[in-house]
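Undergrad: Sequence:
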Amino acid sequence: MAVVTMYSTAVCPFCVRAEMLLKQRGVTEIQKIRIDTDPAQRDAMMARTNRRTVPQIFIDDTHVGGYDDLTALDRAGGLMPLLNK
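In the UniProt record's numbering, the protein residues as written are 1 to 85.
To be clear, the hints were calculated from the coordinates, so they are not data collected in a lab. C-beta: ideal position from N, C-alpha, C; glycine also. Hints may be right or wrong, so weigh each one.
Stated by the list, open to error - Each pair of labels, with its calculated beta carbon distance range: (1) A72 - K23: 28 to 36 Å; (2) N84 - H63: 16 to 24 Å; (3) A76 - A10: 28 to 36 Å; (4) K23 - R48: 18 to 26 Å; (5) G78 - P39: 15 to 23 Å.
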């Protein structure tokens, strides 16, 4: 299974929903990077994604985007092939 990395904060309902969806699809481990406790990580996330909002989700080196992007990818049938690479 692919490595899933998610930039998140402590209070983020979309992060929780993204995590639930990923777990429903068989992901057992998500590398969470908390940007609210580490400002350098927020800067790194913004440099890597050109976005300011969380969650920002990566599957291996592929930037999926946020929760809406993740659910759209899942509905389009593209999530499982990325996870099973």
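Undergrad: Name the hints, by number, that the structure is in violation of.
TA: As far as the earlier hints go, 1 and 5 are violated by this structure, in ascending order.
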